[in-house]
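Chemist: What follows is each chain in one-letter form.
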Amino acid sequence: MRLRRPTSWRFMMTESSPFLDLKHVSFAYPDEAPIISCLSLSLAAGDFHCLVGRSGCGKTTLLKCAAGLLRPTSGTVRIDGKPLSGPSRHVGFVFQTPSLLEWRTVRDNVLLPIALHRRVTRLDHDHALGLLAQMGIADHADRYPQNLSGGQQSRVALARALVTNPPALCMDEPFAALDAITRDELQNDLRQLTRASGTTVLFVTHDISEAVRLASHVSVMDAGQITRSLNVDLPVLADAQYATKAAALGQEIRTALMHSPKVAGA
Amino acid sequence: MNSTRIISIILFFALGFLWEGWVAFSNVSSLLLPAPSAVLSVLWLGLYDGFLWPHIKATATATLLGFALGTSVGFAIGVALAEFAPLRRVLWPYVLASQVIPKLALGPIFIVWFGFGLTSIVVITALICFFPLLENTVTGLRSAPRDQRDLFRMLGASRLQTLWRLKIPAGLPLILSGVRIAIVLALVGAVVGEFITGGKGLGASIIAAQSMMDSTLMFALFIAITVMGLLFYQLTIFAERWLLRSRHTGDNL
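So the sequences go chain by chain: A and B. Heads up, the first sequence is in this note's numbering, so the first residue is 1 and it goes up one at a time. Heads up, the second sequence is in this note's numbering, so the first residue is 1 and it goes up one at a time.
Only chain A is shown next, with the shape it has when bound in the complex:
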């Protein structure tokens, strides 16, 4: 299966057919109340879509449905028009923890997605080293993960998700455990890398300012449903208007989070 890889994400936003499309998706564990109920969400190719919500609102479950790690109890998930029936190799997943294999070097960890399916070539090595270099950790390629700082480990996890050039990326609060400065750096790295490649990103976070900084779209989730969707149309960071506009948007998301209508019966 060859997937479309748009080079310019801004133009693709207006395109009608969504790249990642969830329709009327519900998910419940057997004999339990549904975690997400009849939820629909569309991402155009190149979108950077942030899901914001409180703990337990179902955002991680939604993300795992979108990636194919969980099979929805009802509804469909389509990627580039094709229905998803299991974990898709065209979706990169970045977990809450870096989840690196501590018995493998940084380089081997990054190359793992390739090594599982074919022989790793010289070219793959160069590609992996290139990604590590872009994130400023090429010097650590032959070290073991536990000798790296938390921020460096998160970078390795990001490089591992990007090494196969997946057209879509699902990220589950990957930077939640990092300090503010490291988080800023990683957010910048992530934006640069995904914009350059036109990757479609679905990004779960509980951090409003992170959502405002990263996203082209923000959806607010509560009790298994999307209660508010916003377009983020901010000027560039250097613009004098940026801070005020970002603050206003952040306030809007905060209000939406606090005043989410309660689901019937709750």
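Hints are supplied without guarantee of correctness; some may be wrong.
Unchecked claim - Simulated restraints, written as ranges between beta carbons of each label pair:
hint, chain 1, residue 1, chain 2, residue 2, range
1, B, R88, A, D179, 41 to 47 Å
2, B, P102, A, H117, 48 to 54 Å
3, A, R71, B, R88, 23 to 29 Å
4, B, P145, A, D31, 25 to 31 Å
5, A, R118, B, S143, 27 to 33 Å
6, A, H24, B, P173, 44 to 50 Å
7, A, H24, B, L96, 46 to 52 Å
8, A, G56, B, Q99, 39 to 45 Å
9, A, G56, B, V100, 27 to 33 Å
Because the hints were derived from the structure by calculation, they are not lab data. Note that beta-carbon positions come from the ideal geometry of N, C-alpha and C, so glycine has one too.
Using the hints provided, position chain B relative to the given structure of chain A.
Modeler: The following block gives chain B in isolation, referenced to the frame of chain A:
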């Protein structure tokens, strides 16, 4: 050398001298409690003369063969039970039963089946060190964190790849601690096996020494067994350190 280790060594000599002094001044019969000096001289004689060596060799062989057999079977069955949940549910009661039954009680029937030789001892030893490895393998293979297992699913890894590249390496520390327990149990198994079958070996020699009321020789044999056990244990520690080297010290720069 740190101070706790020095204290530990001083304690060893202090207890030795106390024991020696107690035997010298209390007129306790050497049949009940031989003096350490007498024990050491018998041990030295046995090693120097060479009459202990064939027994040491026999016990070491039985221990290592039983250990190799028991751990490899334990590991293989552990992998099978961890990978196939229905199999685990079907077989677990039998595995448990095989452990609850005192294996030494099976000694006589093994002698009937395999004779008085090495085979019986190896089988008893293998049975004893089979379980720690099986149990630690089952637990170890399920110890990989959720995110890592999801990662392998996401990457489209096959079942065999997930086992080989994730579950076994992730469980290795636990599996190796099972190996450490198994080697100690293997020596116990071999010595007690020799009690039952007789013939050659340190365990058989203890029975022989007992029939001659030679307590001094018995103590000398205890020391030989203890040193052998410590040696085997240390070897597994070295193996463990080597296998887990990247996780302990990390950089191999």
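Chemist: Now, for every hint given, state plainly whether the structure supports it.
Modeler: Hints, verified against the model:
1. B:R88 x A:D179: 41 to 47 Å: holds (44 Å)
2. B:P102 x A:H117: 48 to 54 Å: Hint holds: Cβ distance 51 Å, inside 48 to 54 Å.
3. A:R71 x B:R88: 23 to 29 Å: holds (25 Å)
4. B:P145 x A:D31: 25 to 31 Å: Since the Cβ atoms of B:P145 and A:D31 sit about 26 Å apart, the hinted range of 25 to 31 Å holds.
5. A:R118 x B:S143: 27 to 33 Å: This hint holds: roughly 29 Å between Cβ atoms.
6. A:H24 x B:P173: 44 to 50 Å: holds (45 Å)
7. A:H24 x B:L96: 46 to 52 Å: holds (48 Å)
8. A:G56 x B:Q99: 39 to 45 Å: holds (42 Å)
9. A:G56 x B:V100: 27 to 33 Å: The hinted range 27 to 33 Å is violated for A:G56 and B:V100, with Cβ atoms some 44 Å apart.
Comparing the model with each numbered hint stated earlier shows that hint 9 is the single one that does not hold.
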